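If you're matching them up, the sequences are chains A and B in order. Remember, this note's numbering sits 148 above the position in the first sequence when you count from 1. Remember, this note's numbering sits 1024 above the position in the second sequence when you count from 1.
Just so you know, the hints here were simulated from the structure itself, not pulled from any lab data. Only a predicted model underlies this, so the values are computations on that prediction, with no experimental measurement involved. Among the hints, a few may not be true.
What the hints assert, rightly or not - Only pairs whose alpha carbons sit at most 20 Å apart, straight line, appear in this in silico DMTMM-like list of lysine to aspartate or glutamate: (1) A:K346 with A:E306; (2) B:K1350 with A:E300; (3) B:K1456 with B:E1262; (4) A:K346 with A:E300; (5) B:K1456 with A:D272; (6) B:K1119 with B:E1312; (7) B:K1405 with B:E1262; (8) A:K155 with A:E219; (9) B:K1350 with A:D290; (10) A:K386 with A:D409; (11) B:K1456 with A:E391; (12) B:K1460 with A:D370; (13) B:K1460 with A:D272.
What the hints assert, rightly or not - Chain A stretches covered by chain B per the calculated footprint, using a threshold of three residues with CB under 8 Å from any CB of chain B: (14) 154–167; (15) 332–341; (16) 351–359.
Built from N, CA and C at the ideal position, the CB exists for glycine as well.
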Amino acid sequence: MISSNSKVILEVRNLSASVAGIEILKGINLTVRSGEVHAIMGPNGSGKSTFSKVLAGHPGYTVTGGEVLFEGQNLLELPPEERARNGVFLAFQYPIEIPGVSNSAFLRLTYNTQQAHRGGEELDPLEFHDFIQEKCKIVEMDPRFLDRSVNEGFSGGEKKRNEILQMAVLDPRLAILDETDSGLDIDALRIVASGVNKLMTPDNAVIMVTHYQRLLNYITPDFVHVMRRGRIIKTGGKELALELETRGYDWVDDEYQRAADAHGRATAKGSASAAGAGRAGAASA
Amino acid sequence: MSAVMKAPDVRDEYLASLAPDTNALAGAGSDWLNALRAEAAACVNSLPYPTTHDEEWRFTDFGLLRKTVFASAADISPEVSLTDIAPFVLPESAKSRLVFINGIYAPHLSAGANLPQGVVMSNLAAGLSSHDAVIRAHLAQQLNFHNEAFAALNTSHISDGALVLIAKDTVCPAPIHLLFIATGATADTPQASYPRCLIIAEAGSTCALIEDYVCLNSGVYFTDAVCEITIGENAVVEHTRLQRESHSAFHMAYGAVALARGSNYTAHNIAFGARISRHDLRITQNGEAAQCTLNGLALISGRQIADTHTVMDHAQPNGQSTQLHKCIADGGAHAVFNGKIFVRKDAQHTHAAQQSRNLLLSNKARIDTKPQLEIFADDVKCAHGATVSQLETEEMFYLNSRGLSPLTARNLLIYAFAEEIVDRIPVTSLVKQLSKTLSEQIMEHT
């Protein structure tokens, strides 16, 4: 929901990042305000998953330029656990299985760690039991899953539901959902999406990274961004997603290339701008 | 002087010094047992001391043991009370517990009640008067000690031990806890003890055993143990073995299990303790359609060495075996796993699966794993796999991204890796006890 008096939660400025010396993100700009839902769409290899991992602080990626402010604070200088405690949550595309650790013990550990950081009340196993039963309803999860090992033997849909359950427990300010719709059947998709909708408030925000528009039938985005080759090359409203669904991604790319070429010619006449040259170079790469 | 050719003298004086004087046995106890002990002592006196030059001992140097002189613990009888052993007592086995202090039966610490008629749970020495024939038929029959110096050494010392007989079609309702307590540094001279177990589960019977090696005080001592298990047709045995000795102790152990047709054996082998430990386990499916499940875990750190050698011998058709062995090595520790699977010529339609999964926690730690399959039948399904890894970045990141510190995340992952094995133990209070030890050990090393 776009609102005039909302606060800026996330400010990404010209962010670039590389993995193993290869630049994946090449200057991302994005502003997310409270109450908003942003969808980041793009074909495989466009860098959208990398973007979500960089925001969460994955150690495998090196930030090579730009900045990210989370509620006004430099996010990039924080290790992943502090980003999480401050309210950044990443729902994984491939959640990790942790055999030997019960789901409820794990959820309680993360909840209490979060509470300790926020100065809130920690819950003992009994208190947590009541607390988590309520949260399970949000994702229609059978409480029996709480006694099983974290994600072990869970189906794809159950794992994704468990991610949203963790989101419900940790109550993040910014939730990044990385391909949360992948591998879900219609029922699971509906349940996961409805869980996310229930967790949306005017004070938090969601970034959905997705390849397909079908998730957007259930969670309505305020903004749709198209990512290609490590950049956001187009931003629109929810209708853009529908257009992408029918026309694919190539036309957006063509449009962007033409604009970049025009910009390149324009700047070549005058003094060369570093940003323009970099942009044209990357677009033709 | 002319050169005389003679066989190389492999007698090892150190080994020989550990063997008892079997001449002194004459007249005491039963003749057949004395003869057996004398035969074993003769082996000790003629076998070489295993070194890293032997293929089976390549990775585990037991040289440190021979730098210590041990007195036989049988000569020392320290006072141990129920309060002393309270930390090890299991409520599930409150009335089915045999306790041994340095290998010698401690009746005042043991408890047996409410067991069915068909269950005999006793010490070997007492059993010899009431069950001489059955003991004679089975003792030292599963285990070939003629080529194994330390198995021979244990056999040469047999005077007591644990005896469990489950009669035909009898179900033992409670797990039987065989608690072997080393008193550790209570004497001037380090002590050696020779625990022995003889388990016979007759056809159609069911029982659960816990073979448990613990210590009351830290310090240097030596445990040289042997456990033999005979499982009759369609009988079911679930065997938990815990090696939680002092971190200065030496632990050497042999296990031999024989399965008859249609029987089922599950083992949970847990090793946390000892400075240097070695467990040799040989399981033979002598009957058709026998099933085995082997779970193993070694969690060590500092300068500990833990070596597990298993042999799964499929000698008959339609047998199954599933094995999962895990090692976790931190500090400068060294874990070894050698898992052999034999599928004999007649053992058609065998299904055997072995997994060796290992976690290295420091760059000074070392893990050697060697799966070995020898298949002589042509219609079988066998699979094996071994991995040695460090904590995975993706797993760490997942936990960090939930707000857990790197240290908490690391401990949780190590705990989880180990808990997968501990969790399979069928005794609830023991799982709790071990889980607690596990988290303490993991915390301690961080």
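Outcome, coverage hint (the segment 332–341 of chain A, chain B; C-beta under 8 Å; three residues): Coverage by chain B is violated here, the residue count being 0 at a Cβ distance below 8 Å.
Verify the proposed pairing of K1350 of chain B with E300 of chain A, using a straight-line Cα cut of 20 Å. It holds: about 18 Å lies between the C-alpha atoms, which stays within 20 Å.
Starting from K1405 of chain B, check that the Cα of E1262 of chain B is at most 20 Å away, please. violated (24 Å)
Would you check the hint for K1456 of chain B and E1262 of chain B, treating anything up to 20 Å between C-alpha atoms as holding? Roughly 18 Å separates the two Cα atoms, so the pair holds.
Can the restraint linking K1460 of chain B and D272 of chain A be considered satisfied, given a maximum Cα separation of 20 Å? holds (18 Å)
Given pair status - D272 of chain A, K1456 of chain B, alpha carbons within 20 Å: holds (18 Å)
Given hint E391 of chain A paired with K1456 of chain B - CA-CA distance at most 20 Å: violated (57 Å)
Quickly compare the C-alpha distance for K1460 of chain B and D370 of chain A to 20 Å and report which way the hint goes. Violated: K1460 of chain B and D370 of chain A sit about 50 Å apart, past 20 Å.
Quickly compare the C-alpha distance for K155 of chain A and E219 of chain A to 20 Å and report which way the hint goes. Holds. K155 of chain A to E219 of chain A sits at ~8 Å (cutoff 20 Å).
8 Å C-beta criterion, at least three residues: is the segment 351–359 of chain A covered by chain B: violated (count 0)
Measure nothing beyond the straight line between the CA atoms of K346 of chain A and E300 of chain A; if it is 20 Å or shorter, mark the hint as holding. violated (26 Å)
Does K386 of chain A pair with D409 of chain A here, judged by a C-alpha cut-off of 20 Å? violated (28 Å)
Comparing the model with each earlier hint shows violations of hints 4, 6, 7, 9, 10, 11, 12, 14, 15, 16; every other hint is respected.
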